[in-house]
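Colleague: Okay, here's what each chain looks like letter by letter:
There are 2 protein chains.
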Amino acid sequence: MKKRGLIQVYTGKGKGKTTAALGLALRAAGAGLKVYIGQFLKGASYNYSELKTLEKIKQIKLEQFGQGCFIKGAAKSEDKELARGGLKKVKKLMVQGKYDLMILDEINIALKLGLLSLDEVIQLINNKPGRLELVLTGRSAPAKILRIADLVTEMREIKHYYKKSVSARKGIEF
Amino acid sequence: MKKRGLIQVYTGKGKGKTTAALGLALRAAGAGLKVYIGQFLKGASYNYSELKTLEKIKQIKLEQFGQGCFIKGAAKSEDKELARGGLKKVKKLMVQGKYDLMILDEINIALKLGLLSLDEVIQLINNKPGRLELVLTGRSAPAKILRIADLVTEMREIKHYYKKSVSARKGIEF
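Here the protein sequences line up with chains V and U, keeping their order.
Per the working numbering, the first sequence starts with residue 1, numbered consecutively.
Per the working numbering, the second sequence starts with residue 1001, numbered consecutively.
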C-alpha cells in the first residue's frame, strides 16, 4: 500500500507556525525526501536568517511570493500579483509530482488579506497527488481549510515577550 | 545595551513543539549564532531523520540523554541516570557560555516522569547567562516553569490523523 500524504495546518496567534514547518522540512530532508517551501508575503528584501541555512540543504527548494514586508491596510495589486503567481507555480509543481513535502507558508494570511481566492486554494488542496504531504501555515486559517485538513495544530499564545516590549532579535525572530 | 536572551516554552498536546525548536535552531544558525540542542528521552537507538540534516550544520551541536524509546509506565533508574547526566552537562555548558541558543527538548516530559527535579531545573533557568536564549519543549510544562518563562506557546491539537489510524511516517513524524 502506498503511503498517503496528508494535509497539515499550523495556525493560531502563537509563535512557532513557520518554525514548525521549517523543522518539518529539516526532518523530511534528513529522510531523503524532497521538500518545497513556498513563502507567501515574504520576499528577498527581508533578510530571513533561516534561508541561509536552508540554502545549504540540497533537498530543500525555497521560493518567495511576496514583497518581504508585511502588508498594512489594504493589499496592493502588486502583492496580489506576487501571491497569485506563487499559487500558479505551486499548482504546476504539484502536478509534476517532484516533491514529497510542500509547505505553503503564510498562505492563510494571503487568503485572509484577499490576495488569493479561497475556492482556488481549496481546489488545489483537493487535487493534490496522493503521496504528497501538504503543509499550510499562518494565523486565521479559514474554516473550510480546517475542515479538509487531516491535522490542525493551533499555536496559542499564552505569554509573549513582545508585550514586554522586547524588540525582534536577529536569529531568533527572523 | 546587550540583548537579553529569553526563556521560551513550547508545550501542549499538539504537533510541532520539537519541530518549532528545530526550526528555531535552523534560523539561529543561519544568523551565525551557536546552537545547542539537548534532547531528553530521545536516544541514538531511535533513528530521527532530522539528525541527519542537523549533522551537516556546523553551528548546531546536538546531544541526546535518553534511551531512544518512549518510557511506558514507571521510569527506570537508567532513564533517570541519563536524564540527570544530561542536565549536568547542560548546566556545565551554560556556565561556559559557548552557545547563544540552547534547546532542552522534551525536558517537560522528563520532569513529568520524575526523571529530573523541578527545583533543579528552575534553578538552572534562573541562573542562565543573560545573553542566552533558552527553549524548553514538551507537553505538560509545570506551572512553575510557565511562570518564569517570557514566551509560552501551547500547541493545541484540533484535529489529528493518528485518530484516523495512519501510522507514523519516516521523514514526517520522525
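Derived by calculation from the structure, the hints in this document are not laboratory data.
Glycine included, C-beta positions come from ideal geometry on N, C-alpha and C.
Mixed in with the good hints there might be a few duds.
What the hints assert, rightly or not - DSS-like mimics (lysine-lysine), calculated; alpha carbons at most 27 angstroms apart, straight line:
id : chain 1 : residue 1 : chain 2 : residue 2
1  : V       : K61       : V       : K92
2  : V       : K91       : V       : K170
3  : U       : K1159     : U       : K1112
4  : U       : K1098     : V       : K61
5  : U       : K1159     : V       : K144
6  : V       : K170      : U       : K1052
7  : U       : K1098     : V       : K52
8  : U       : K1112     : V       : K58
9  : V       : K92       : V       : K58
10 : V       : K170      : V       : K159
11 : U       : K1061     : V       : K170
12 : V       : K56       : U       : K1170
13 : U       : K1170     : V       : K128
14 : V       : K58       : V       : K76
Stated by the list, open to error - Which residues of chain V face chain U? A partial, calculated answer using Cβ under 7 angstroms:
id : residue
15 : K13
16 : G16
17 : L22
18 : A28
19 : L33
20 : K34
21 : S49
22 : P129
23 : L132
24 : I148
25 : T153
26 : M155
27 : R156
28 : K170
Colleague: Take the hints in turn and mark each one as holding or not.
Modeller: Okay, the hints, checked on the actual structure:
1. V:K61 to V:K92: Roughly 15 angstroms between the alpha carbons, so the hint for K61 of chain V and K92 of chain V holds.
2. V:K91 to V:K170: violated, 33 angstroms
3. U:K1159 to U:K1112: Holds - the C-alpha atoms of K1112 of chain U and K1159 of chain U are around 25 angstroms apart, at most 27 angstroms.
4. U:K1098 to V:K61: violated, 32 angstroms
5. U:K1159 to V:K144: holds, 14 angstroms
6. V:K170 to U:K1052: holds, 26 angstroms
7. U:K1098 to V:K52: holds, 22 angstroms
8. U:K1112 to V:K58: violated, 38 angstroms
9. V:K92 to V:K58: holds, 21 angstroms
10. V:K170 to V:K159: Measuring from Cα to Cα gives roughly 20 angstroms; hence the hint holds.
11. U:K1061 to V:K170: Within the cut-off at roughly 20 angstroms; holds.
12. V:K56 to U:K1170: holds, 22 angstroms
13. U:K1170 to V:K128: With Cα atoms ~20 angstroms apart, K1170 of chain U and K128 of chain V stay inside 27 angstroms; holds.
14. V:K58 to V:K76: violated, 34 angstroms
15. K13: Where the cut-off is 7 angstroms and the nearest Cβ of chain U is about 9 angstroms from K13 of chain V, the hint is violated.
16. G16: holds, 4 angstroms
17. L22: holds, 4 angstroms
18. A28: holds, 4 angstroms
19. L33: holds, 4 angstroms
20. K34: Since the shortest Cβ distance to chain U is 10 angstroms, the answer is violated.
21. S49: With Cβ-Cβ at 4 angstroms, under 7 angstroms, it holds.
22. P129: Interface hint status for P129 of chain V: violated (15 angstroms vs cutoff 7 angstroms).
23. L132: It is violated, given that the least Cβ distance between L132 of chain V and chain U is near 11 angstroms, above 7 angstroms.
24. I148: violated, 10 angstroms
25. T153: holds, 4 angstroms
26. M155: This interface hint holds because 5 angstroms falls under the 7 angstroms limit.
27. R156: holds, 4 angstroms
28. K170: Constraint on K170 of chain V satisfied, holds at 5 angstroms.
Going through the hint list in order, the structure does not satisfy hints 2, 4, 8, 14, 15, 20, 22, 23 and 24.
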